[in-house]
Amino acid sequence: MYSEKVMDHFMNPRNVGEIEDASGVGTVGNAKCGDIMKVYLKIEDNIIKDAKFKTFGCGAAVATSSMATELVIGKTIEEALKITNKSVAEALDGLPPVKMHCSLLAEESLHAALWDYAQKNNITIEGLEPPVADVHDHDQEHNEEEEA
Amino acid sequence: MEHIYLDNAATTPVKPEVLDAMIPYFTQNFGNPSSVYKIAQINKKAVDESRETIAKALGAQTNEIFFTSGGTEADNWAIKGIAEAHKAKGNHIITTKIEHHAVLHTCEFLEKHGYEVTYLDVNEDGLIDLNELESAIKDTTILISVMYANNEIGTIQPIAEIGAIAKKHNVYFHTDAVQAVGQVKIDVKEQNIDLLSLSGHKINGPKGIGILYIRRGLKLENLIHGGAQERGRRAGTENVAGIVGLAKAMELTYTNFDAKIEKLTKLRDKLIDGLLATIPYAKLNGHRTMRLPNNANISVEFVEGESLLLLLDMNGIAASSGSACTSGSLDPSHVLLALGLPHEKAHGSIRFTFGEMNTEEQVDFVLEKMPQIVDRMRQMSPLYEDFLKQKQDK
Numbered sequence: 003m004y005s006e007k008v009m010d011h012f013m014n015p016r017n018v019g020e021i022e023d024a025s026g027v028g029t030v031g032n033a034k035c036g037d038i039m040k041v042y043l044k045i046e047d048n049i050i051k052d053a054k055f056k057t058f059g060c061g062a063a064v065a066t067s068s069m070a071t072e073l074v075i076g077k078t079i080e081e082a083l084k085i086t087n088k089s090v091a092e093a094l095d096g097l098p099p100v101k102m103h104c105s106l107l108a109e110e111s112l113h114a115a116l117w118d119y120a121q122k123n124n125i126t127i128e129g130l131e132p133p134v135a136d137v138h139d140h141d142q143e144h145n146e147e148e149e150a
Numbered sequence: 004m005e006h007i008y009l010d011n012a013a014t015t016p017v018k019p020e021v022l023d024a025m026i027p028y029f030t031q032n033f034g035n036p037s038s039v040y041k042i043a044q045i046n047k048k049a050v051d052e053s054r055e056t057i058a059k060a061l062g063a064q065t066n067e068i069f070f071t072s073g074g075t076e077a078d079n080w081a082i083k084g085i086a087e088a089h090k091a092k093g094n095h096i097i098t099t100k101i102e103h104h105a106v107l108h109t110c111e112f113l114e115k116h117g118y119e120v121t122y123l124d125v126n127e128d129g130l131i132d133l134n135e136l137e138s139a140i141k142d143t144t145i146l147i148s149v150m151y152a153n154n155e156i157g158t159i160q161p162i163a164e165i166g167a168i169a170k171k172h173n174v175y176f177h178t179d180a181v182q183a184v185g186q187v188k189i190d191v192k193e194q195n196i197d198l199l200s201l202s203g204h205k206i207n208g209p210k211g212i213g214i215l216y217i218r219r220g221l222k223l224e225n226l227i228h229g230g231a232q233e234r235g236r237r238a239g240t241e242n243v244a245g246i247v248g249l250a251k252a253m254e255l256t257y258t259n260f261d262a263k264i265e266k267l268t269k270l271r272d273k274l275i276d277g278l279l280a281t282i283p284y285a286k287l288n289g290h291r292t293m294r295l296p297n298n299a300n301i302s303v304e305f306v307e308g309e310s311l312l313l314l315l316d317m318n319g320i321a322a323s324s325g326s327a328c329t330s331g332s333l334d335p336s337h338v339l340l341a342l343g344l345p346h347e348k349a350h351g352s353i354r355f356t357f358g359e360m361n362t363e364e365q366v367d368f369v370l371e372k373m374p375q376i377v378d379r380m381r382q383m384s385p386l387y388e389d390f391l392k393q394k395q396d397k
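Protein sequence lines, in the order shown, are assigned to chains A and B.
For this note's numbering, add 2 to where a residue sits in the first sequence, where the first one is 1.
For this note's numbering, add 3 to where a residue sits in the second sequence, where the first one is 1.
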């Protein structure tokens, strides 16, 4: 069902944990739907120096969290914004269609953490939208997944 | 690595004796039981004898057993067949919120065609309320369909009591006994059951074969139209090898029955007690005693079921979960939600179901691995983190 890469990131997730003095923290998802991602970012001089996560969710949710933190470390904020759910899924050699919303959670939790950073520092990050509290509110996206 | 199969409610391996009994009916005894020549008569005899074996195991008469392609077809036939044949009397059906989808989706189909369905609630243990059942019966009620035992949580319903209520009000009673067969003793006459579905592959028999027991004289519309097989009630050339396999499996599952049940119950209780003792914030789903001897279902807080299954699988342990992520939908098990479980606890449910092949050593292995796996998952769970922080603040 899952690619080898997904299983590797699920079995050996990278960057699990918390950052005590995080520059930004973002939480997306809800327990009702069975997945929550919390991302911590450490940002210095516009560069993401470190990223950690905690995730409650299925194999795909854990693997996409792990991959998203891998991808984001070392990137500038502008580069980090370009990480999409599709690029996370591609980096994992794909996800089953019903699991694509997990990668959306990864993208949204990164954005939520960046938004938190911007709020705390009173800055505007171009192209960054206020975070959605929960990707599950996007019913349309779910329908598309079911059709996929 | 040893494979520990603890998903016997999903399906079971075919017993060697069952396979041995089946083999001749694929090769030398391949004849069509409907044909007149001698070699086909061997097959007709095999079907007749199989029907007799199955009837005996259920306390039924031979002419009350009808072969189907499995439990799902039997459920469809019972419900749609009653609905069609008794629509002059009424259009109301009573069932429960925790039925298998073979019953639930059939009822939903009928709702689209003018039937009215009452879905009974269950209590936190998964039992229906008999008073609620009785007061749901109206003049237009034609069928009560309540599963014998639940496939997820193992809760066994008071079947004889339901049968008595149905009889008192002159309403037909169907029970989906797919999970119960081979786990409990069934007597369709004593329990006032009018229709009963069962399936071969849950009792170490083959897939693709099941039966519907239809009480003698009961008017039931056909579901599968065609030839005159099964005395004109279920068309299609008989699955002779499957029928022979099902009968053999039925015979074996009720041989040394008490010893088997004792063994399964011991394994089940050891696992339930062990898991609840070693994993904090875990609870049993389903009734503690009125449950199938082979079913253990627990909810583990702050973890998600599919992840749990993947990590168990890495250790060679096959189980199942009511989590949304294992169903391909966003909602967790309808059964667990009907018990009143909040979504997050339903997502963290895990079911282990035993078979005759399982051993105490295997239970020991699961008891060793589960706490480690749960602990590892909780370390990365934001829900657990929040819970610990809230606990500290108090």
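Derived from the structure by calculation, the hints contain no laboratory data.
Treat the hints with care, since some could be wrong.
List time: in silico SDA-like cross-link candidates among lysine to any residue, alpha-carbon distance up to 25 angstroms [stated by the list, open to error]:
hint: 1; chain 1: A; residue 1: K7; chain 2: B; residue 2: K170
hint: 2; chain 1: A; residue 1: K34; chain 2: B; residue 2: K394
hint: 3; chain 1: A; residue 1: K51; chain 2: A; residue 2: M3
hint: 4; chain 1: B; residue 1: K372; chain 2: B; residue 2: K90
hint: 5; chain 1: A; residue 1: K51; chain 2: A; residue 2: L73
hint: 6; chain 1: B; residue 1: K372; chain 2: A; residue 2: R16
hint: 7; chain 1: B; residue 1: K210; chain 2: A; residue 2: M3
hint: 8; chain 1: A; residue 1: K88; chain 2: A; residue 2: V27
hint: 9; chain 1: B; residue 1: K170; chain 2: B; residue 2: K210
hint: 10; chain 1: B; residue 1: K397; chain 2: A; residue 2: K88
hint: 11; chain 1: B; residue 1: K83; chain 2: B; residue 2: Y257
hint: 12; chain 1: B; residue 1: K41; chain 2: B; residue 2: P283
hint: 13; chain 1: B; residue 1: K90; chain 2: B; residue 2: K59
hint: 14; chain 1: A; residue 1: K77; chain 2: A; residue 2: E22
hint: 15; chain 1: B; residue 1: K397; chain 2: A; residue 2: V134
hint: 16; chain 1: A; residue 1: K7; chain 2: B; residue 2: K41
hint: 17; chain 1: A; residue 1: K34; chain 2: B; residue 2: L340
hint: 18; chain 1: B; residue 1: K83; chain 2: B; residue 2: I42
hint: 19; chain 1: A; residue 1: K122; chain 2: B; residue 2: R218
hint: 20; chain 1: B; residue 1: K397; chain 2: A; residue 2: R16
hint: 21; chain 1: B; residue 1: K394; chain 2: A; residue 2: K77
hint: 22; chain 1: A; residue 1: K34; chain 2: B; residue 2: E135
hint: 23; chain 1: A; residue 1: K77; chain 2: A; residue 2: E92
hint: 24; chain 1: B; residue 1: K59; chain 2: B; residue 2: G93
hint: 25; chain 1: A; residue 1: K7; chain 2: B; residue 2: K141
hint: 26; chain 1: B; residue 1: K100; chain 2: B; residue 2: M293
hint: 27; chain 1: B; residue 1: K372; chain 2: A; residue 2: L83
Just a sample of chain B residues kept apart from chain A, beta carbon distances all over 10 angstroms, derived [claimed, not checked]:
hint: 28; residue: A280
hint: 29; residue: E309
hint: 30; residue: L313
hint: 31; residue: P345
Every residue, glycine too, gets a C-beta built ideally from N, C-alpha and C.
Here is how each hint holds up against the structure:
With a C-alpha separation of about 59 angstroms, the suggested pair K7 of chain A and K170 of chain B falls outside the 25 angstroms cut-off, and the hint is violated. Distance check on the hinted pair: K34 of chain A and K394 of chain B sit about 21 angstroms apart at the alpha-carbon level, within 25 angstroms; holds. As the CA atoms of K51 of chain A and M3 of chain A are separated by approximately 34 angstroms, the hinted pair breaks the 25 angstroms bound. With a CA separation close to 54 angstroms, the supplied pair K372 of chain B and K90 of chain B exceeds the 25 angstroms bound.
Among the hinted pairs, K51 of chain A with L73 of chain A is consistent with the structure: their alpha-carbon atoms are about 12 angstroms apart, no more than 25 angstroms. Restraint check for K372 of chain B and R16 of chain A: the C-alpha separation of about 22 angstroms stays at or below 25 angstroms, so the hint holds. Between K210 of chain B and M3 of chain A the CA atoms are separated by roughly 23 angstroms; this keeps the pair inside 25 angstroms, and the hint holds. Restraint check for K88 of chain A and V27 of chain A: the C-alpha separation of about 22 angstroms stays at or below 25 angstroms, so the hint holds.
Simply put, K170 of chain B and K210 of chain B have alpha-carbon atoms about 33 angstroms apart, too far for the 25 angstroms limit, and the pair is violated. Proposed proximity of K397 of chain B and K88 of chain A is contradicted: the alpha carbons are some 42 angstroms apart, above 25 angstroms. Among the hinted pairs, K83 of chain B with Y257 of chain B is inconsistent with the structure: their alpha-carbon atoms are about 31 angstroms apart, more than 25 angstroms. Taking the CA atoms of K41 of chain B and P283 of chain B, the gap is about 66 angstroms. The hint is violated against a cut of 25 angstroms.
Distance hint between K90 of chain B and K59 of chain B is unfulfilled; the C-alpha atoms sit about 32 angstroms from each other, more than 25 angstroms. With a CA separation close to 20 angstroms, the supplied pair K77 of chain A and E22 of chain A stays within the 25 angstroms bound. Taking the CA atoms of K397 of chain B and V134 of chain A, the gap is near 30 angstroms; set against the 25 angstroms cutoff, the hint is violated. Pair hint K7 of chain A plus K41 of chain B does not hold up; C-alpha atoms about 60 angstroms apart against a cutoff of 25 angstroms.
Taking the CA atoms of K34 of chain A and L340 of chain B, the gap is near 11 angstroms; set against the 25 angstroms cutoff, the hint holds. Restraint check for K83 of chain B and I42 of chain B: the C-alpha separation of about 37 angstroms exceeds 25 angstroms, so the hint is violated. Distance restraint check for K122 of chain A and R218 of chain B: the Cα-Cα separation of roughly 73 angstroms exceeds the 25 angstroms cut-off, and the hinted pair is therefore not satisfied. For the proposed pair K397 of chain B and R16 of chain A, the alpha carbon gap of about 32 angstroms is over 25 angstroms, so the pair is violated.
Using a Cα cut-off of 25 angstroms, the hinted pair K394 of chain B and K77 of chain A is violated, with the two alpha carbons roughly 37 angstroms apart. Among the hinted pairs, K34 of chain A with E135 of chain B is inconsistent with the structure: their alpha-carbon atoms are about 29 angstroms apart, more than 25 angstroms. Straight-line distance between C-alpha atoms of K77 of chain A and E92 of chain A comes to about 18 angstroms, which keeps the hinted pair within the 25 angstroms bound. Taking the CA atoms of K59 of chain B and G93 of chain B, the gap is near 33 angstroms; set against the 25 angstroms cutoff, the hint is violated.
The hinted pair formed by K7 of chain A and K141 of chain B fails the criterion: a straight-line CA distance of about 58 angstroms is larger than 25 angstroms. For the proposed pair K100 of chain B and M293 of chain B, the alpha carbon gap of about 18 angstroms is at most 25 angstroms, so the pair holds. For the proposed pair K372 of chain B and L83 of chain A, the alpha carbon gap of about 40 angstroms is over 25 angstroms, so the pair is violated. Under the 10 angstroms C-beta cut-off, the non-interface status given to A280 of chain B relative to chain A holds; the minimum distance is some 24 angstroms.
At roughly 4 angstroms, the least C-beta separation between E309 of chain B and chain A is not larger than 10 angstroms, which violates its mark as non-interface. For L313 of chain B, the requirement that its beta carbon stay farther than 10 angstroms from each beta carbon of chain A is not met, with the minimum near 5 angstroms. Listed as a non-interface residue, P345 of chain B fails to keep its Cβ farther than 10 angstroms from every Cβ of chain A; the least gap is roughly 8 angstroms.
The structure shown violates the earlier hints numbered 1, 3, 4, 9, 10, 11, 12, 13, 15, 16, 18, 19, 20, 21, 22, 24, 25, 27, 29, 30 and 31.
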